[in-house]
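Chains as they are written, first to last, in this note's numbering: chain A, 10 to 461; chain B, 10 to 461.
These are calculated hints, taken from the structure and not from any lab test. A couple of the hints might just be wrong.
Which copy? The list can't say, so a pair holds if one copy fits it or any two copies do.
[What the hints assert, rightly or not] Below, in silico cross-link-like pairs of lysine-lysine (DSS-like), each with a Cα-Cα straight-line distance of 30 Å or less:
hint, residue 1, residue 2
1, Lys-245, Lys-323
2, Lys-323, Lys-267
3, Lys-323, Lys-106
4, Lys-302, Lys-435
Next come the chains, spelled out residue by residue.
Protein chains: 2
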Amino acid sequence: MTTPTLALARFALDCRYEQLPAKTLAEAHRTFLNWMGCAIGASQHPTVERALAAVRRIAGPAQASLIGRTERLDMLHAALLNGIASHTYDFDDTHLKTIIHPAGPVAAAILAFAEAQAGGGVVSGRDFINALVIGVDVECRIGNAVYPQHYDVGWHITGTTGVFGAAAACGRLLGLTEQQMVWALGIAATQASGLREMFGSMSKPFHPGNAAKNGLFAALLAKENFTSSEQGIEAKRGFAHVLSTKFDENEITQDLGKRFEIDLNTYKPYACGIVIHPSIDGCVQLARKHALKAEQVERIELGIHPLVLELTGKRTPRTGLEGKFSVYHSCACAVMFGRAGEEEYSDETVSSAAVIALRDRVQAAVKPGVAEHQADVRVILKNGEVLHLFVEHALGSLERPMSDADVDAKFRGLAQAVFPEERIAKLIAACRDLSAMSDVRQLVPLMTAVHA
Amino acid sequence: MTTPTLALARFALDCRYEQLPAKTLAEAHRTFLNWMGCAIGASQHPTVERALAAVRRIAGPAQASLIGRTERLDMLHAALLNGIASHTYDFDDTHLKTIIHPAGPVAAAILAFAEAQAGGGVVSGRDFINALVIGVDVECRIGNAVYPQHYDVGWHITGTTGVFGAAAACGRLLGLTEQQMVWALGIAATQASGLREMFGSMSKPFHPGNAAKNGLFAALLAKENFTSSEQGIEAKRGFAHVLSTKFDENEITQDLGKRFEIDLNTYKPYACGIVIHPSIDGCVQLARKHALKAEQVERIELGIHPLVLELTGKRTPRTGLEGKFSVYHSCACAVMFGRAGEEEYSDETVSSAAVIALRDRVQAAVKPGVAEHQADVRVILKNGEVLHLFVEHALGSLERPMSDADVDAKFRGLAQAVFPEERIAKLIAACRDLSAMSDVRQLVPLMTAVHA
């Protein structure tokens, strides 16, 4: 009988780049580019600095680089730090079916692995993209099998399933045997961790970093024939039954190797919770179309779903982080700047007098019939004109995916505080054409800072 | 309000060696000695060798030693490897209320910490023993609060609670502030992991090692002000509610700092599951009292609780590991050798013709009225004499604790394959008098192998 664990192990070993559909390849490249931008953006954040201060005391040989920085660490800790950085702004990708942020655990692990040449040689762009697709598929399929009960009880699903994705992707690059891959998934299962209680603290972005590190370590252990259960996922006392009350095996095995969960990945255009995105999106569209200036605007009227006010009804945010929980601040920025990136959620922007003045003219009210993915947006100008837009789906949803240009623009917004424009253009081009790269280590000089 | 997390943090910071009762101090020294013996005994086992092969690729500076070996690793990985070694034979200590093996996660972490001087200076024997008491109390109290539901659902409680014990003990030695200690416990909570499904594989002893490593890392992160939830243990989406359906706060707070869970620690005299211990114990007592030789024995008759046959009814074991699941093999050894240590469960002993000949003369039958902790043992001699003993409680139980001499003898049995007798005597003496040691690093030359 083929168990889910064995099926995933075989898939991780058998899946070939040449068989991946064009849509899957395109989404894999977008996934990686978007992830890299998030990691660069937060690379100097205190969350990263503090983790690095702890890691410095015990890190091993300089095998792999920290994105956006000068330091090099052993591959496990490089994976940890890059995984932390990429989720620090909570601006990375989302597999909407499970709310998994798929790239972090997998990309952080295989990037460190590739630079360290942990498999004994060069990792090509094709092998890297293939491993990314495999890792994301493994973590999201396991997520599908246990969601939503697993998430509802309190597990941060990005951490708990991410460790499997990292193990599978690294195991593939490491050339594990089938027996070893089964063990790697078991060693991943027995390290699955991460609580939702940590949301709002530095321990939230710790989860994808930790999943990357532990998944990579699981593969390294399995390579040395360190044994585990062979039914780590599905056994009575295995991952699924211990960490969830739901386990649907079909979610793991159905069309495995034929359709790929990475096809369903999405990228946030706005640096805040997804519930405000329809409102922001309406404001951005109107602002851009009419080249709005704040001084023209009398007020902004939002007709919204009740969840928007419940989750993001903060009237007078005082910090950047609080701004993310304010539909008022978010929509004021969307009209003033035509965007709502990480910069719009800085402490400075939130306390800017001009932003506050417009924020105080944003009115938000529940409008019956408006769904969670919709928003009814009106901008009333001082000259009496009323600009109206009903947003059916926000940019960044599966129904209205971000274009490649949108993803590039987001990347630029994140990277510009760290890298000059010329470097950013080169890095975007390199990530977009990653499959053509003969050795993924060619990314390293593009993604790291120069020693002072 | 003092939450359980805060209460444990304060206890971990406030508990002083000078206030510990004599019984607690004595048990702490026994706990450490017993743990050290188990780690020495398995120090050359393939489980350790394979983990070490993986770790070599990424280990950091040589900060801390591997027990019974020549290698030195960064303190996190030394904690991992020593924690793995100490649980490899499943012969370490047991907190019977929760089936936690308390020493592994805590002792492995603080020993590596002390050798690395991670707190910036010398760790005295007194501070070390105090930290051990603290760590064991924290892990066992958390265990009491969630047991048995937490264990029943499938968590390996030594791994899941051990990470808290290691974090608290290391956090104390590291001089964390109260806020940092609360964060350390939160970072521990979000790493809690380890599935019972791994029993029977190398991933079982991985759990205490991993808990030691991750708990130590939690303390190092907290020291750098890496934040977490402040209610990591008791919050709705915190450790207790996500990983158990039971949470009794009183188990954490009641008499905290007044009575100590380490007082309840026990040490296995026999290297197998506790269910056979009464039978073995009866055989050992009779063999010693009458200086029995195998050739005198006609047959051995055991009257036992049904669980003994259910769990350990293997009639013809073929490997050492299978021998641990055979009451027949175990009692044959107990009569022949007057002991049932790790040596009696080697592949060689299990396939020895003399042992098999006596094993085939062991009869085991359920006897109504015999409780799980009892055994009715009869040895019928060829001269017709019948030796009889009813065992009320086996050696190693709380009711009949091992004497210091028993613990020493167990240590010798474990260490003799690795160290000469003279060294063993010195190491026992050093562990017995650990509180008098000015610098715990004085243990290092006694517990490590000499470079060839």
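Structure-based check of all given hints:
no.: 1; hint: Lys-245 x Lys-323; verdict: between (44 Å within a copy, 23 Å between copies)
no.: 2; hint: Lys-323 x Lys-267; verdict: neither (45 Å within a copy, 46 Å between copies)
no.: 3; hint: Lys-323 x Lys-106; verdict: within (27 Å within a copy, 48 Å between copies)
no.: 4; hint: Lys-302 x Lys-435; verdict: neither (33 Å within a copy, 82 Å between copies)
When held up to the earlier numbered hints, the structure conflicts with 2 and 4 and fits the remainder.
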